[in-house]
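> Sequence:
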Amino acid sequence: MSVVLGLALGAGLLLAWSAFWVPAPRRQPRPECWHTRMQDTLIQAGAAGVTPAGLALTATGLGLLTVVLTGGLTGSWAIGLAFGAIAARGPFALVHHRANRRRASMRDVWPEVVDHLASGIRAGLSLPEAVAQLGERGPEVVRAPFKAFAEDHRASGKFAQSLDLLKVRLADPVADRIVEALRITREVGGTDVGRLLRTLSEFLREDARTRGELEARQSWTVNAARLAVAAPWIVLALLSTRGANASAFNSATGGMVLLLGGAAIGVAYRLMVRLGRLPVEQRVLR
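Heads up: the sequence shown runs through residues 0 to 285, numbered per numbering that gives the first Met the number 0.
To be clear, the hints were calculated from the coordinates, so they are not data collected in a lab. Note that CB positions come from ideal geometry on N, CA and C, so glycine has one too. Incorrect hints may appear among the rest.
Label-pair ranges, simulated between beta-carbon atoms [said to hold, decoys possible]:
id, residue 1, residue 2, range
1, Arg210, Leu64, 35 to 41 angstroms
2, Gly45, Val221, 18 to 24 angstroms
3, Gly53, Ala159, 27 to 33 angstroms
4, Leu238, Glu150, 53 to 59 angstroms
5, Asp163, Thr252, 33 to 39 angstroms
Based on the sequences and whatever the hints tell you, model everything.
The following block contains the structure:
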């Protein structure tokens, strides 16, 4: 009896002691790093073979080359540094431009991809067969990743692992949703996958239509802002063709004018982009 009472007393003391301790908060998921975001952007731009480090080295080399050439031609290293910074931004701007264009085109393709999957499932194909047939009959722009999926599945026979590789090759949030829907259907079963895919197809078409209208109305404003940003640098390039004008920027005052002007233009452009940016879906099902 004393043993039971001792155990009860010990359990009570343990509960009373634990009540004074606040459980540690759950660790929040770490935000995506620059390397991960840039790798996704490179894949979306069609440059999967380029690494973020390679892109950064290319941008740095282009910037240094522009500094040397511009500084040597104009005789003003302040102007050379200004145009070098612009040139270093060029490769990143090109990659983002190509990625945005490809994402815009893919918004019209994903509903067709979902329709192909639904048709294949209705025809009695298994999930791996329905996904693999997109490499032959799907839209041209996505055939290569789905052909690679078919090869991976034939080589390994592992559907989940092949889906993971497919997500990496596509690097798209819509593709992530489609892949995870197929994965859940494969693992737990269910007869509503056709209805799910049809609903997803309708949602994607409506989203593409709405976003297309918004981007069409916004495009003239964005282009006007880009022209306003480029105009001061075009004027500077024209002025620097004359030695007297270029040498004026070699002084501390001239350098400060370039620095403050470039900072003001950069802040204004970034503010315009942020205020007018449409929401972009993140890859939460990575």
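> Please go over all the hints and tell whether each is borne out by the structure.
Going down the list of hints, with the structure as the test:
1. Arg210 - Leu64: 35 to 41 angstroms: holds, 38 angstroms
2. Gly45 - Val221: 18 to 24 angstroms: About 23 angstroms separates the Cβ atoms of Gly45 and Val221, which means 18 to 24 angstroms holds.
3. Gly53 - Ala159: 27 to 33 angstroms: Check passed, 31 angstroms falls within 27 to 33 angstroms.
4. Leu238 - Glu150: 53 to 59 angstroms: holds, 58 angstroms
5. Asp163 - Thr252: 33 to 39 angstroms: Violated, at about 58 angstroms.
Of the numbered hints stated above, the single one contradicted by the structure is hint 5.
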